[in-house]
Amino acid sequence: MSANAARSIDEYLKQLRSALADEDPALIQDALYDAEEYLRAEVASHPNRSEADVLELIASTYGAPEEVAAAYRDTEVKVKAALKTPAPPATAAPASGRLRRFFGVFMDTRAYTSLFYMLLTLATGIIYFTFVVTGLALSAGLAVLVIGIPFFLAFIGMARVLALAEGRLIEGTTGERMPRRPVHPGPPAGWLNRIGDMLKDVRTWTTLLYLLLMLPLGVLYFTIAVTGLTIGLRFALAPVVVLAGDFGWIPPEISSHVLEIDGASYGSPQSFIAALFCMVFGVVILALLLHAARGIARGHARLAKSLLVEPGA
Amino acid sequence: MDDSQARKFQKDLNAGLVALVLLAVLERSTEDLYGYEIAKRLQRANEGEALFKEGTIYPVLRALAAAGLLTSRVVPSYAGPARRYYRITDEGRAMLGQWSQIWRQTRGFVDRFIEGTDS
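Just so you know, the sequences run in chain order F and H.
Just so you know, we're using the working numbering here: the first sequence kicks off at 59 and counts up by one.
Just so you know, we're using the working numbering here: the second sequence kicks off at 1496 and counts up by one.
Here chain F stands alone, though its shape is the one from the complex (with noise of 0.2 Å):
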C-alpha cells in the first residue's frame, strides 16, 4: 500500500503509471483507460461526496495502484503466452541451419502478413495523408468563424481514431503490442480548454506526424513489395512459362521477356534447365523479400510506437 493514497483521480491515475512505469506503453494506456472508467463511474455515483472522499475508499474496493499494476503484468504474460504463435522448432543440424533459417521464412505467417501490411501502406498512406492535409487546411480557414473551433475538436478526434485503428492493424500483422483502448480526453471540460491541452499535447502532433509519414512510406514500402513480388514470382515461375511456351498456350501478344526495363529487356530462358536455375533464383528473391518485409514491418511498428503511443504515455 503506498504511504500517500491518490486524493483525487489524476493523482491515482499518476501512481498507476508509475506503478507500471516498466511496461509496455500500449498496456499502460489500456490499464489507465480502464482505471478512468471506473473512477469517474465511482466518483459520479456518489453526487453528495468529494472526490477525495471517494477516493479514500478505492484502495480496498478497486486496488491499491500497485495491486492494479501487478494484475495486468500477471495477465499480460498469460494473455501474450497463449496468443504467440509458436516458435519454429529448433533446427536439428547445425551445418544446414543458416539455409533453413533463411528459407525457414517461407514457413512464418508473420512474414506474409508483413508483406500484407506493406501492400496495404499505399492506400492507408494517401487515405491518411487526404485526410490530415484537408482537415489541417480546413481547420485553419475555418478558424475565424465559430464553426472552426468543434470542427478541429472532431478532427483531432478523427485522428486519434485513426490512430488507434492503425495500431490494431499494426499489432494484427506484425505482433507488436498497440494500444486496444483510445486515449481518453479527459474530464469534460469547456472547448477553449479542450483545445488548449490538444495543443499542447505532444501525441497530437506526432500523431498527426505519423499520419503523414505514412504516404512517403506507404509509396516505399509498397513499391518494394510489388517490385520484389513480381521479380521472384516471374523467376520463380519461369519453368512453368517454359512448359506453357512449349505447348502454345501463351499468347504471342504477351512479352516472353523477364524483365523489361525502358525498352532494355531480358528475355525468358528458352530451356527447360535455364529455367530450373531461374526458379531456384526467384525462390531467393522471394525468400530475401519476406525477409525484408518481416525487418522493416518491425522496424515500422517501432516508428509507430514512439509516435503514436510513447509520447506522453
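Worth flagging that the hints you see were computed from the coordinates, not collected in a lab.
If a hint is listed, it holds; no wrong ones were tucked in.
The calculated lysine-lysine pairs, modelled on DSSO-like cross-linking and capped at a C-alpha distance of 27 Å, are:
(1) 1506(H) - 1535(H)
(2) 363(F) - 258(F)
(3) 1535(H) - 72(F)
(4) 72(F) - 1506(H)
DEER-style ranges, computed between Cβ atoms:
(5) 257(F) - 1600(H): 57 to 63 Å
(6) 215(F) - 1582(H): 24 to 30 Å
(7) 1595(H) - 108(F): 39 to 45 Å
Even for Gly, the Cβ is constructed at its ideal location relative to N, Cα and C.
Assemble the complex: chain F is given as a structure, and chain H must be docked to it using the hints.
Below, chain H alone, put in the same frame as chain F:
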C-alpha cells in the same frame, strides 16, 4: 501472524476463479454489463473483506473477450471514457458449463480433506 501469506494464497486461488465468476455474472445478467457495473455486482455479493480487488477484473475481461468467450460493444458516456459493455457468447456459455463442473469437482475434493468427511 503475517497476513501476506494469506493474501498470496488468495491471489493464487483467484488466478482462475475470477474468470469463472465473471462468466457466471454475465451469464445470469439479462442485459449487457460494463466493467464498473460488474465490479459493483461482485462487491454487493461479498460482504466484508473483498476476495479480490475490482481493478483486477478489467484485464481478465479483456482476455476473455480476446478468447472469444465474451463479445463487447462501446457506448459513449458522459461520466468518463466510453464504456465497453460485455455479453457472454455461446462459446463462453459452453466454457462456463465446463468450468463450473471442474469447480464443483475441485470443491468436493478439497472439502473431503478439509472437512474430514473422508477419514
